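Asker: Now for the letters of each chain:
2 protein chains.
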Amino acid sequence: MNTIGLTGTDPVKRVYIQGAYQTHFGELWDKSFRDLLVEAAQGALEDAQVAPQEIEAVLVGSMLAERIVDQGHLGAFLSSELGLNCPAVRIEAACASGGLAVREGFLSLQSGSYETVLVAGVEKMTDACSLEVTSGLMGATNGEEGLVGFTFPSIYALMAQSYRDKYGLADKELAAVAVKNHYHGSLNLKAQYNHEITLEKALASDYICEPLRLFDCSGITDGAAAVVLSRKKAKVRILGSGVATDSLSLAKRKKFYSIEATKGAMEKALRVSRVKREEIDLAEVHDCFTIAEMLALEDLGFYSPGRGKRAAVKKETYFNGRLPINTSGGLKACGHPVGATGVKQIVEVVTQLRGEAGERQVKEAKIGLCHNVGGSGGTAVVHILARE
Amino acid sequence: MNTIGLTGTDPVKRVYIQGAYQTHFGELWDKSFRDLLVEAAQGALEDAQVAPQEIEAVLVGSMLAERIVDQGHLGAFLSSELGLNCPAVRIEAACASGGLAVREGFLSLQSGSYETVLVAGVEKMTDACSLEVTSGLMGATNGEEGLVGFTFPSIYALMAQSYRDKYGLADKELAAVAVKNHYHGSLNLKAQYNHEITLEKALASDYICEPLRLFDCSGITDGAAAVVLSRKKAKVRILGSGVATDSLSLAKRKKFYSIEATKGAMEKALRVSRVKREEIDLAEVHDCFTIAEMLALEDLGFYSPGRGKRAAVKKETYFNGRLPINTSGGLKACGHPVGATGVKQIVEVVTQLRGEAGERQVKEAKIGLCHNVGGSGGTAVVHILARE
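Residue numbers (the working numbering), protein chains in the order written: chain A, 1 to 388; chain B, 1 to 388.
Isolated chain A (complex conformation) (with noise of 0.2 Å):
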């Protein structure tokens, strides 16, 4: 496969991020999906410095607008809102539309077509009632997963109890992941858990399918996030991005303990990028539930199979760390607006390569990574970021 153009290494093909700004996240009743969307918009293109008639194209993600809010059409929607006419589309990836519409942002300015364009990820998942929100997530995977009755915390609990079987698992490792993310997400003014929790709190809430308790689960979340790209040079650039694909079903896959389009995406990303895995400083990692950060950590090579499970026990993975991992607080306390997550990694990430980040500043960051994943892993998209 040809992946040369993908590459932010090319100068003619660098593309940069200009600007970046995430809304709230949280249930955010006195806000309507255009509000959120707007204002992510808005916060992008001031951070950026760019007016709005500089956008030549406005890419969405999101998965659920057509089912919670009635709403499609969301490329023309934004560039609409924005008082633009120019080319706009909604990307949608299931949980990982976000991390798509960046990636085929950056695609487009790959191609030469733009100079600069506007990505936004946006849901408003609490206008409809909890059925709704998880039919509608389960549109994520194959119709027969639903159909038997699984929901995705059931599905995470079994990729759990298959890693459980595999390395062995504690409760309390699990539940050390949610206590780093709270911590962090208490750092975090705009993060739907905007407060720590302790170890024993984790343990002592209900399972909601077992080893999976509340505290390891991400909540049902209102938000939006934006970035603005640009081939015009800014503080950060995107060096390369790499996505992979697998079955929706886990019945198609081999193994249940780890995520095989994240292995896929990841190698992409770092072959794209000319960068080694040794040189990322931190990243935003796509923790759904507790075990997904344990799984990502393992399948983006950052820990030997089996061995993720000890890294927030360890401390390793707190924002003063070996090896920070979601400094936002990540889909467990930022919170998991889906469509929006994607995108909102970026936003972190950008943060901390400026130096912005305030009491979560990872020190000296100069290279870091998003990796978002769709449903229980039929897609991952990885992106690396670099500080100029």
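Hints are not guaranteed to be accurate.
Stated by the list, open to error - Derived CB-CB ranges, DEER-like: (1) Lys233/A - Gly306/B: 42 to 52 Å; (2) Trp29/A - Lys315/B: 35 to 45 Å; (3) Gln42/A - Arg271/B: 23 to 33 Å; (4) Gly301/A - Glu359/B: 56 to 66 Å; (5) Val148/A - Cys129/B: 18 to 28 Å.
Claimed, not checked - The calculated lysine to any residue pairs, modelled on SDA-like cross-linking and capped at a C-alpha distance of 20 Å, are: (6) Lys263/A - Glu56/B; (7) Lys254/A - Pro305/A; (8) Lys252/B - Val38/A; (9) Lys254/B - Asp165/B; (10) Lys252/A - Leu82/B; (11) Lys252/B - Pro52/A; (12) Lys252/B - Lys172/A; (13) Lys31/B - Gln53/A; (14) Lys252/B - Asp35/A; (15) Lys263/A - Lys31/B; (16) Lys172/A - Pro305/A; (17) Lys254/A - Arg271/B; (18) Lys263/B - Gly83/A; (19) Lys252/A - Gln53/B; (20) Lys252/A - Glu81/B.
FYI, nobody ran anything at the bench for these hints, they're computed from the structure.
A quick note: this is a predicted structure, and the numbers were derived from the prediction, not measured.
Don't be surprised by glycine CBs; every beta carbon is placed ideally from N, CA and C.
Position chain B against the provided structure of chain A, taking the given hints into account.
Answerer: Leaving out everything else, chain B in the frame of chain A:
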């Protein structure tokens, strides 16, 4: 705006259509969403004589899959069904989802990231009650229009009324478009309505919303279409592509008797393709309603304002006329599975440019155009294709 990169005239950025396939369009009770999507993809691969493993990315255009068949994550869905694990994404822009998916595939090839990609469009509309379909389609507008009782027939009826106020418009002029497109459909075995109608029959049908009668409206359709795009030389090349957007609701438009997004998309497509309007030999245009074909002819600049209404009456737009329009039967007679339509238009023009259109073959067709609209004109996308 820099649109240089959009041109297909730069040799290093040339993009060819290697394969094209359309499923039968209709009320396909015996086929599932998956069946249609996979049939289209495999058909295009076979036509291209490309093995699935040569596909480096998959793009799927669809509007309603999450609402009607509870299936999202369509990129990975198709990639997985084909036994691939390549980058994959779903593109949505209401009824222009298919056209935008082709456009995104075109850009991704121009970015240099891939040699060969598969683009599919699909919709399964008959698996839900018509209220659900109507309600889903209204997601193409902003919320206001649905709330006050508009549906798409009434939106386009308002546009027809406005056109009539401005230029005069007889029911039989509208009906002449339906008669022409049914005639073309009668020559296309894949068309939903593979039969002719008389002017009398069209004029005797009930009003759905005055002045639009039953035969002025496209139907509810199941179907899929796919193309293989490649940087390797093939018989048909994409010369260029243009997209423009506008407000989703009519209320924010200055006039209802033309679609500004079509004008903007056409202007860009002509510029980047370096083609003169007069060189275009045939076009598939977005005739979701008969009035929409008239608007398209004028907004694309083929007819001056107020003159498009006479084109079908004068038989100029028949396959053997001066400017053949909708030789497939158009949305009206071939059918309108919304996410598939934009891809099907490309398939028809490829078929014509290759000289494989049988009874409805346009003589000496060298350059063809596809025009796909989202909603009531919130998005328009134009592609210009040429025989090599």
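Asker: Look at each hint and say if it fits the structure.
Answerer: Cross-check of the supplied hints:
Between Lys233/A and Gly306/B the beta carbons are some 50 Å apart, a value that agrees with the proposed interval 42 to 52 Å. Distance hint for Trp29/A and Lys315/B: a CB-CB separation of about 59 Å, inconsistent with the stated range 35 to 45 Å. For Gln42/A and Arg271/B, the Cβ-Cβ distance of about 30 Å falls inside the hinted range of 23 to 33 Å, so the restraint holds. A hinted range of 56 to 66 Å for the beta carbons of Gly301/A and Glu359/B is consistent with their spacing of about 59 Å.
For Val148/A and Cys129/B, the hinted distance range of 18 to 28 Å is satisfied, since their beta carbons lie about 25 Å from each other. Between Lys263/A and Glu56/B the CA atoms are separated by roughly 17 Å; this keeps the pair inside 20 Å, and the hint holds. For the hint pairing Lys254/A with Pro305/A, the CA-to-CA distance comes to about 16 Å; that is within 20 Å, so the pair holds. Between Lys252/B and Val38/A, the direct Cα distance comes to roughly 18 Å. Compliance with the 20 Å bound is thereby established for this hinted pair.
Annotation: proposed proximity of Lys254/B to Asp165/B holds, straight-line Cα distance about 15 Å (limit 20 Å). A C-alpha spacing of about 13 Å is found between Lys252/A and Leu82/B, which places the hinted pair at or below 20 Å, so the restraint holds. Distance hint between Lys252/B and Pro52/A is fulfilled; the C-alpha atoms sit about 19 Å from each other, no more than 20 Å. Under the criterion of a C-alpha separation no larger than 20 Å, the hint pairing Lys252/B with Lys172/A is inconsistent with the structure, at around 56 Å.
Restraint check for Lys31/B and Gln53/A: not satisfied, since their Cα atoms lie roughly 46 Å apart, outside the 20 Å limit. Between Lys252/B and Asp35/A, the direct Cα distance comes to roughly 18 Å. Compliance with the 20 Å bound is thereby established for this hinted pair. Between Lys263/A and Lys31/B the alpha-carbon distance is near 35 Å, which puts this suggested pair outside the 20 Å criterion. Restraint check for Lys172/A and Pro305/A: satisfied, since their Cα atoms lie roughly 19 Å apart, inside the 20 Å limit.
Of the pairs offered as hints, the one joining Lys254/A and Arg271/B is violated, with about 50 Å between alpha carbons and a cut-off of 20 Å exceeded. Of the supplied pair hints, the one linking Lys263/B and Gly83/A holds, its CA atoms being roughly 17 Å apart against a limit of 20 Å. Distance check on the hinted pair: Lys252/A and Gln53/B sit about 19 Å apart at the alpha-carbon level, within 20 Å; holds. Under the criterion of a C-alpha separation no larger than 20 Å, the hint pairing Lys252/A with Glu81/B is consistent with the structure, at around 11 Å.
In this structure, the hints that do not hold are numbers 2, 12, 13, 15 and 17, in rising order.
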